[in-house]
Structures are given as structure tokens and as C-alpha cells.
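Going down the list, the protein sequences come from chains W and C.
The first sequence runs contiguously to residue 350 in my numbering.
The second sequence runs contiguously to residue 817 in my numbering.
One or more of the hints may lead you astray.
As the list claims (entries may be wrong) - Partial list, computed: chain W residues near chain C (C-beta under 7 Å):
no.	residue
1	Cys99
2	Val104
3	Asp111
4	Gly114
5	Gly116
6	Ser118
7	Thr121
8	Asn122
9	Arg123
10	Phe142
11	Thr143
12	Phe151
13	His205
14	Ala219
15	Phe249
16	Gly251
The hints are simulated quantities; they were obtained by calculation from the structure and are not laboratory data.
Cβ coordinates follow ideal geometry from the N, Cα and C atoms, glycine included.
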Amino acid sequence: MAMVRKAMLIDESRCTACRGCQVACKQWNDLEGWGYSRTTNRGSYENPPQLSPQTWTRIKFTEYEGADGFRWLFLKEGCMHCGDPACVRSCPTAALKQQPDGRVTVQPDLCNGCGYCTQFCPFHVPRLEVSNLLTGRAKVSKCNFCQDRTDNNLIPACVKTCPAQALFWGDRDKMIGAGKKRVQALQATGFKNASLYGENLVGGLGRLYVLIEKPEAYGLPAHPQYPFLTSLWQDIVQPLGKVAMGGSILAVLAAWFIIRRNIKMEEVE
Amino acid sequence: MTNHWVDLKNADVIMMNGSNAAENHPAAMTWISKAKDERGAKLMVVDPRFTRSASQADLYVPIRSGTDIAFYGGMMKYIIDNNLYHREYVVHYTNAATLLVPEFKGPAELDGLFSGFIDEDKDGFGTYDRGTWKYQTDAAGNAVRDETLKNPHCVFQVLKRHYARYTLEKVSRITGCPQDKLEAAYKLYASTGAPNKTGTILYAMGQTQHTVGSQNVRALSMVQLLLGNLGRQGGGVNALRGESNVQGSTDQGVLAHLVTGYLGIPRAAQNPTLAAYIEKETPKTGYWSNKPKFLVSMLKAWWGDHATPENQFAYDYLPKVENPAHHYWISLFEDMYAGKIQGLWIMGQNPAVSGPNSRLEREALKKLKWMVVQEIFDTETCSLWRAPGVKPADVQTEVFILPAGDAMEKQGSIVTSGRLIQWRPKVAEPPGEAVPDDQILNLVALKLKELYASDPGPFPYPILHLKWDYGKEIDIEKVAQEMNGYALDDVKDPKGEILAKKGELLKGFGVLQDNGTTVCGTWIYAGYFALADDGTGRMMPATKRRGQKDPGGLGMYPYWAFAWPANRRIIYNRCSADPNGKPWSEDKKLIWWDEAQKKWVGYDVPDFVATKAPTDPGGKDPFIMHSDGKGGLFAPLNEGPFPEHYEPVESPVEKNPFSSRMHNPVIKIWKTDAGKSIGDNWGTPKEFPIVATTYRVVEQWQAGGMSRWLDWLTECQPGMFVEMSKELAKEKGIQNGDRVKIRSARGEIQAVALVTGRFKPFQVEGKTVHQIGMPWHYGWEGLARGDVANDITPHVGDGNTTIPEYKAFLVDVKKA
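Just chain W, with the same shape it has in the complex:
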């Protein structure tokens, strides 16, 4: 990457799950709400129940009884903007791009709705929205770190709105520094399992978390990797496939010439 890498730091020790970020994201990016998702309360504050092309960030609520007593853990889910993004690798149309500053974005007009990215993301982030069942027309969309804002030196909408001082945006190394400092302060006040999540995972995440309990308590994978199959697909099978395709065409052409020549030769004899 040529430019300085940018990142979002999410301090889950300060988050109060007010959902300001969830709603600010919808407002800025013109996303659908209840009229589209028809959510109901199923015994939780958590809604909508999943990320989707109309829900690019949401708060996950976990009641956790740990060794240090009861904790109510909040997690602001969304695209992790991986340093080594499996979705970008698997995208056959290059609709998914990794920007020079690390933001992973989707260009909707290039997306062919194949859904490969939804299979390979280790965090199960990108979701497909089928707009036409008959033709199968579908698009993926997800958090793009408010591309139009961040392209113009503004901070993402969620970061701007957070009243709890839990969200930060800036140069990645500064975010890591701030996150580590916060983790130290938390550990000093008794949060023994506090950690900074995402510094080196999957090429280093663009979305960094200060967590007060272990990642597993939040439902986050401790060691996320994208499937071997992704690199198999992009690095071996696709090229081999291209070779095979090219080879087959050549073979068919060659066969055509040889058979034609054989027929001509038979005619001569």
C-alpha cells in the first residue's frame, strides 16, 4: 500500500450500545430499516439479527458470567477491512477493492452477485441481497468506512456520532498505540482479560477492538483465517482453469486443423 493505512478503533470498554452508530450508518448511507427487515423482538435488544446489505454495522449483545462476575458485553460488528482480504482475493470481477489506505470497498456496478466473497470471509461479513429471484440479480454491500466521507477527509458517520467516546478514526499505527494504552489502563483497573483485537490477524485488521473479555466471549474468532480454498481458488485453480481453458481451445483448434488435414490427405490418396 502506498498511502498511510487508516483504521477504526472501537473501544468496547466505553461502548454503551446506544445504537447511535447503527442508525447514523443507515442515515448516511441511505440504508433500509424496519420497512425492509420487519424485525421483531425475539428476546433480546439485538436487532437486526444479522449484518446484511442494508445493515452495515450492528451491535451484538452478550451477557457474560466470567470469573470476575457479570458483564454485559457489546460488540460493534461490521467489515473488518482486513490487511489480507479474502473477499478481494475471491472476487472474480474486482468489484471488491482494497484502497491504498486499506479500506475495503465494493463497487456495486461491477458486482455480479456470484457470492464467492460471502463464502470466504473469515468473519462472515459480506451479505448478498437478491433483487430479482427470476434473473438471480444480486449485489453485495457492506461497510466501506464511509468511503465518500473518508475520501474527503471526514470521519466515518458512526465515529462522528458516538456519544460515549468509544469510536476513533485515524492512522492505523496511532490507533494501535491508543488501543494498547487503553488496554494497559483497563488491565490496571482489574480487567485481566482486556486485549487489543486485530493488530496482526488476517494481515492486520482495519477495524481494531479494545475488548474487556477474551475474543471468544464476544463470539469473535481467536484465530481467524480465510479458508485455504480461497487462495487455492485464486492462486491455483483459477490460473489452472485459465490454462486449462486456453489449452482446451488450442487443443480444439489443433484438432480441427489436424482432422481437416487428415481429411484432405485422404482425399488426395
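Mind docking chain C on chain W? Use the hints.
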């Protein structure tokens, strides 16, 4: 608030009790986070339920709904027994040293009552004759004080005896909070008694919506006085107000017992004339001794040239009440239900959902001849006549809906909990035929004047002579100027110096006169619309300023907008300096006496005569609104001068451990249609063993009129739910997500069960008592729908304000 929002960052300990600020005042978290980050402040949350605020707490303290006085009583006993009170502050700035007459007796001696209780019909409820609730006075009429705090009749000793019953053990048993948690809470909060530490108490409806609500607030105020936290940065008694302009509305006297600026409304029997009002209602000492100036200036604002010295400044035009309690919410709806009220004008409110015992209150509304609703959406109140199960033909009420502009579609000011009056521009046009509220009222007033002119009737003058010159299209700035006040003639001081020129907007209420030469709609706002510097040399109405200079770095921002009174950010700030005028501690200094300049200086407008030295008479009396200038540890309210624990009207226990009096003895228990399906019905623990409470969530707003029609908010919190402990769910065979029925003596509702570890059963007086809770936002209209929680809440209110006891009542729960 005595302090303000930004000041929260200056606190060493923040106690949230009866408040869920992270959800209901999310912006508060900005300053609480700063306090934690920058000064290592600790957050303590006291709540029956582990809320989103509790998730941020360093200490979470669970107590059963309705036991706050027990909690605070125990805290006061702990503070006194362990000598953790700020002694010098207590001695000099409160009435701790003042002696009470020996005839005064309290609940410790009179089994739950104070001296002077009158109960004619012997039903356990009555009133108090406050004759024995007074100070001992010397021959000259001054209160007698003992600053050693040893005299057995001094307030301090009487207080100590009063709370001696509130042992850790008793408090733990009645609140259901384990003793070690209580002690940890007391220890943490009492640490702010040190002169260089301050603590702030944040409270909201969890304290006020009880039959002992006013006494809850009294209790926490007493704690703040004992610890020396009032009038100091990072301290204070801080009510987090509800609706966006409830602070502004109480400032303007919208409550039944007030006119503007917290002046009492005249009473027919006691104040038949202006002279009678002035005589009876004006104290001899303290700042309220200026009442006549405030009232006369208000009368001049309302009736202009028709208010003259000859006609008592149109005092006869001002409505009088017999008893304000007759006009508070519950009384109003009882009168409506009895068919005594013909019409109701509702502005931006949804009583069909927000009123207690709402099944009864909806019937009350349907007894009206006519109802006008000024609203932005077709709420449950607007559409009462076609609610589920209602036949329109059965409802005789004529309903008029006036589509109103919303907050962004009009300009004007609103007031934060911190008394900060901020002017906002209009940023959008109201849609379709919607008209902003101010213009609706303007049109109504102009039309009324027309009608009274053509058909006067016996007494048209209050309307005909009303000064109403804001234009056909209301110019709200004209209203603002009137509220600010201006001089009708040059106002001069005794030396002949001009204090205010004729026609000039007043810079403060100090120049108000009682002779009709000044106009002032709301005395506490004087100065808010006068031109003022925003810190960069630009002049504009004070409330429009957005200056960002912050001398001292305390977050006072004196150039940002205008805080009443007089742009003072922390009231009673004389308390921030010791009796000699020196700050209690360097790093907590706020104002101090400058001997060289012979005046009070510092980071705030002194809440004190600027040139009064600490050694002058009254130089050590910071509570200027009280006649004796001292903070009231002893301070009479309807049920007594000290808070005493009484159980909620619907209580899960049989006995009050502190006395044999179960309930607040001065409340009114309504019995309308008792026994009928819809009526004032009361439940017992036998039939309804579970304690219930109602509350709000961050994603919805009040009775839903502003949030349940919105797509993104509905998606987050789409429907009605009830939160209960895992233990209770197991007992009842309820799984998370099941539909359940919640029943009280007043009705039954359904909701989705949210089974959670954030409610835990309480051990109360030796038995297990379960508590559940639910939001009260939902109704049958809009996108986000659900049963109305208030169908099951009780029709009874606080002994002083009658605010309904929404926060503690009894129910039973079962699977639907």
C-alpha cells in the same frame, strides 16, 4: 441541575441512582468518560436492573424499586458514624447547627410519624400541622445555633437520631442489597466528603416517580450537603430532565402550582389581592424577598398598559386556584373521568399511552366533549376513537387534530437540564399544512381576542386586555424580548445612576422594579436575550452565542449561550470557598474572595453579592434563596422535614422495618370505580407477588410519538418486551422469546419475555422477591407496536407533586 452537563467531567465519584443516563441521556457519557479518563473518576450505578449504564459502572448496586430512602438513610448513618462528613461546610453552610424547638418529634419517637399529624377520618392518611417544625429563636427573632453540633436539639443531632434506625442490616433486608455491596457503595460515595474531592449525584424518574419521590430527592440532597458537594465543581444535585423542553416548561410555570420563574400561583383564599399575595408570599430575608418585583414585572409583560398601579397591575386578571393539587395530572384525569371537564387541549403529548392506569385515563378522555391534539403523527391519543376494540359510534368526543411543525421546523430556544438556554434556528419547512406550535398559539390568541371583542360576556378583560403584539406571523424574537424584560422608563439607583435606560433590554433581574416601570415575562431569564459578547468581540443575544473560550478549563464555557440565572453555571457557588473565602482546595477552586479587589472572583458568576465580604453579615450564607441562607438538612415538605422510608402503595412486604407505618401518610389514594374492571384498583402481594417497574430505552422516546413512526429506530427496538430474571422464568416455565401476560389489579398486557441475568431475585425480609421491568413506549399505532405498559400502572402519586408511582407496583406473570 444545580450544576451542568460538562461539569460531570470534574467529579471524582459519579453516582447514578434512578437514572439510566447511558440510555436516556447518552450525551452524558461524553463527560462521564472524560471524568474517568482524565481524573480516574469512579462511576457507581444504583438500580434494580443491570442497565446499559451499569455496564460502565465501577460499582453496580442493586436495590429493590421503592427503597431509595432506606438506601440513603443508611448512607447518612454511615457518613455520620464514621465522621466522613465535611465538618466545616456542614457547620457553616447548612442548618446542622440550628436548634429545633423541643416539641419537634420524629418517626423514631412517634412510630413513623412527625409531630403534628392530623388524620380526621382515621384512615391512616392525612396532613401535617407544621407548627412544631421550626427553629428555636432568641429574643430578637434570630434562629439559635450551636456550632459545636453537640446540643441535642440541633438539627445535626436530631438527624443522627432519626437515621440511627437505618442500620446496614435493616437497610440490606428491606432493599434486598447484600450488606457488603451497601458498605462498598457507602464507602465509595462518602470518600467525596474530603474537602479536595467532589461527587455528583445524577437522578431522573427512578427517584421522582414514587409516592415518596420528593423525599427521595431530599435524601440525596442531604447527602450532598453532608459531604460538602453542593455549589462545587463536579458536585451538585443533578436532575436529568426528560422531554426536550421540560426544563423550559417548568421555568415558564406550566405546572399547576406556578407562574413563571417558579413564583407560586395565587391562591383564591390566601391571596385575593396583590397586597395579600405580597404580604403572605414574600419572605423577609433571602433573595425571594424580591418577589414583588418579579410578579409585577410579569403582570406588566402580560397586560401591558392595562396593568397599572391603580388596578393592582391587573392582578385580578390572573387565574387563582383553590388548591394546585386539584389540577395536577391524576386529579385532572379523575375530574375528566367524572365528566367534570368539557374540553382538553393537548400539545405534543400522548396521554393515551403515557398516563398511569391508562385504561381508566383513556375512558376519561372519551368523556370529553371535545379534544384538540397538536401533533406530528397520528398517535394513540389522536385516534382514541378508533382504537382496537373501540366502536367510533360509542365515542362522543369531537377530536380536532392540528398538524404541528416539529422541533427542527421552527426557531426558538430550549433549555437543557443544566439551565442552559440555547437558541436554535429553523432548518426545515413544516410539511403540508403543518404549522409550528408558536404560530398555532398566536392564531388562537388572536381569534380569541376577536371573539371576546364581539361577544364580551361578564369578564372578557383577561383576554381582551392581554398584550399580544407579536404579529400576524408570530415573531418569536418579540416573545423572547418580553421574557427577557425591558425598561419602560429609565431605572435609577438611589444615587440617581441609571441602571437601565428606557426601552433597553435588561441585562439582569437585579434592576427589576415593583412599581410597573419594568416588564419581564420570566425573571430568571432576564439577560438571556440582551446583547452580549461571545468572547471574540461579536455582540448578539446571549442565548445565540457559541463562544468556546473556557477560562479555567472547567467546562464552564461562559460565552456559550446563557444559563439562568444571570449566566451562572454552578449555583450556590459561594460554597466552593471556605468561610474565609479561600477555596477548599486549589484544584477544585471555582470562586474565591479577592481581598485586594474587594470582590468575589473566579471561573463563574458568583451566586452571591459580588462585593459582600466573608466577614460581612451574611458573608457565610451561601444558600441565598433561603431566609436563613443555610442549606436545609432540615427542610419541611408535606410528609416531613426528614425523609423517612415508606413502602410503595403496592408493596411486596407486610411490614416496614423502620416503623409500623407502611405508606406515605400524606398521599391521596383514589378509589374511583374500585372493584370494576376499569377503576382505581389496588393489588396485594398474595395475588400479585412480583414487583414491577417501567422505564425507557435509548432507541424509543417517551410515549412513542416521535420515535415509533421512524424506520431505523423501529428496526432496533420493534416491540414491547418485559425483562425478567432467569430464576423467575424458570419458576414460571418461560423461555426467552416466549409471549407472556403481565397482570396487575388494573389490567393485563402481553409482551415478549426477555430472560436475562441482569435482573436477579432480591432477598427481602427473609423471602425471595422477584422484580421485572418493561419499557412504556409502545402503543397500537405507528410502525413499532405493542401493548401499553401503563394499562397496569397505579393511579397514585407523590405526596407533594403527585407525580405517578410508575416505578414500583405489583404484578403477576405467566406464559400467554
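Should the interface hint for Ala219(W) be scored as holding, given a Cβ-Cβ cut-off of 7 Å against chain C? Status violated, d = 22 Å.
Can we keep the Thr121(W) interface hint, with Cβ of chain C closer than 7 Å? holds (6 Å)
Given Phe249(W) as an interface hint, is its Cβ closer than 7 Å to any Cβ of chain C? Nearest chain C Cβ about 12 Å off; hint violated.
Status of the Gly114(W) interface restraint (C-beta, 7 Å, chain C): holds (3 Å)
At a threshold of 7 Å, is the proposed contact between Asn122(W) and chain C supported by beta-carbon distances? holds (5 Å)
Report holds or violated for the interface hint on Thr143(W), using the least CB-CB distance to chain C and a cut-off of 7 Å. Since the shortest Cβ distance to chain C is 11 Å, the answer is violated.
How about Cys99(W): closest beta carbon in chain C under 7 Å, or not? holds (5 Å)
Does the CB of Arg123(W) sit less than 7 Å away from some CB of chain C? Arg123(W) check passes; min Cβ-Cβ to chain C is 5 Å, inside 7 Å.
Report holds or violated for the interface hint on Ser118(W), using the least CB-CB distance to chain C and a cut-off of 7 Å. Constraint on Ser118(W) satisfied, holds at 6 Å.
Using Cβ atoms only, decide whether Val104(W) comes closer than 7 Å to chain C, and label the hint accordingly. Holds, because the Cβ-Cβ distance from Val104(W) to chain C comes to roughly 5 Å (cut-off 7 Å).
Interface hint check: Phe142(W), Cβ to nearest Cβ on chain C, cutoff 7 Å. Holds or violated? For Phe142(W), the interface hint is violated, since the closest Cβ of chain C sits about 9 Å away, which is over 7 Å.
May I ask you to test the interface hint for Gly116(W) with respect to chain C, counting a Cβ-Cβ separation under 7 Å as satisfied? With Cβ-Cβ at 5 Å, under 7 Å, it holds.
In terms of the numbered hints stated before, the structure departs from hints 3, 10, 11, 13, 14, 15, 16, listed from lowest to highest.
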